[in-house]
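Taken in sequence, the protein lines are chains A and B.
Okay, so the first sequence: first residue is 1 according to our numbering, each after it adds one.
Okay, so the second sequence: first residue is 1001 according to our numbering, each after it adds one.
For the record, the hints were derived by calculation from the structure and aren't laboratory data.
Glycine included, every Cβ here is placed at the ideal spot set by N, Cα and C.
Just to be clear, a hint being listed does not mean it is correct.
In silico BS3-like links for lysine-lysine, alpha-carbon gap of 25 Å or less [unchecked claim]:
| no. | chain 1 | residue 1 | chain 2 | residue 2 |
| --- | --- | --- | --- | --- |
| 1 | A | Lys286 | A | Lys258 |
| 2 | A | Lys350 | B | Lys1121 |
| 3 | B | Lys1121 | B | Lys1052 |
| 4 | A | Lys155 | A | Lys169 |
| 5 | B | Lys1101 | A | Lys350 |
| 6 | A | Lys155 | A | Lys129 |
| 7 | A | Lys155 | A | Lys363 |
| 8 | A | Lys325 | A | Lys353 |
| 9 | A | Lys350 | B | Lys1002 |
Some, not all, of what chain B presents toward chain A, calculated at C-beta under 10 Å [unchecked claim]:
| no. | residue |
| --- | --- |
| 10 | Val1046 |
| 11 | Glu1060 |
| 12 | Ala1065 |
| 13 | Asp1082 |
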Amino acid sequence: MDAKKTPLYDEHVKLGGNVVDYAGWFLPVQYEGLVPEHEAVRNAVGLFDVSHMGEITIKGKDALAYVNYLMTNDISTIVDNQVIYTFMCHPTGGVVDDLLVYRYDGEFFYLVVNAANIEKDHKWILDNKGDFDVEIENISDSVGEVAIQGPMAEKVLQKLTDYDLSQIKFFHLKRDVEIAGVNCMVSRTGYTGEDGFEVYSDNEGIVKVWNAILEAGQDEGIKPTGLGCRDTLRFEASLPLYGHEMDDEITPLEAGFKYFVKLDKESDFIGKDALNKMWSEGLERKLAGIELIDRGIAREGYEIYKDGEKIGHITTGYKSPTLDKVIGNALIRTEFTELGTEVDVKIRNKFAKAKVISKKFLKK
Amino acid sequence: MKVAKGLFYTKDHEWVKVEGDEAFIGISDYAQHHLGDIVYVELPDVDDEFEKGEDFAAVESVKAASDVFMPVGGKVVAINEDLMDDPALLNQDAFENWLIKVELADKAELEELMNDEDYEKFLAEEE
């Protein structure tokens, strides 16, 4: 099957983006280069096409109850126009997807899911509906999305709207904001560890929004930014990526995200029993940060050893552009996750010494 | 993209510069350009022996690690240690900054490589 084009495909080509097939979508890995784009987001502002992300709406009388049943976080704790990060788990505790839940009101929730999981999530949400009185719709194909990220994001986006963006607090949203004349939904969210906004509109409108933002951000040094730096930025900020830090087999507890799993939530949720059992019995493996002591770069999939015995693998690893150190997330046996523990990373045919460090790589 | 004259090239974008019975081996300008900012270079040890086609080094950008393959067989007689401290030298000049110097195992293997003109044609087709 051919990869799909986002509404911004032609813009990527015009900008000289190095377009590849990512999760079934043609998207740019980089335009000018991964490192300058990474730095633009950390120090100024960058603009990402994230139209590949999926959007699923859940509406109806039981919308809140149903969403809360699907999700590990407690969705009843957010108010209208608030956003929450959560996992959606299998009964085993493995992760179906990690996502953002936008609450428009108690009978209207807007879910933003990973591109690679859209079909799986949609089916999962339909299959578990039972007697809940809800309407479920996958509106992914009709929604375009860009993310403007970095310390100058608000200043740039503010030039394009009369709405006072400082009114949108972190993890809150505002509907019907006019950006460059296009009706948008705007949330103060992102995947980079920097301040910024995610802007949603119809497919036609998003092209106008994209070009207007790039134009408006000239003085602030805005750059179009690709998937390459999206991954290094989120990694430095300790944000997990589905299929790496967690997946159908790796639970959010093992990935170190218990904060987003409300084991004592009053209402039942899918995976609750398994996750409670796992937590009370203790984790056999969990995610740790590592820093290489020897030379080399620890990359995703590389095996980790202790005294010649395999104890896990790297889920994401880079030479961090911001920290200029070789660091990684390592899913390893719990007994070796204490800070300072020395382990060996198998890089091609050699072993490189590394030590366990805090997963909070980026101290802000 | 620059193609240096008088060198031999492979389809994997390695180059060979012959000096008597020895040769310098590196990666081409095309290769460094496509890798992007190079942040790490792994080189073999002196006296290691490799056959033609074997991977002997790795060149890594932020995004990915790429193996480098022997254009010809040989024994390593020197490695470019400057690259270990400053991998970005490869981005600055991929032909000046060789990876290893080898004692050629069989000079006849050079005949299977492309000359600079053939390599230029090959690059034109790659694009």
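Exercise. Which earlier hints can't be squared with this structure?
Worked result: 2, 6, 9, 10 and 13
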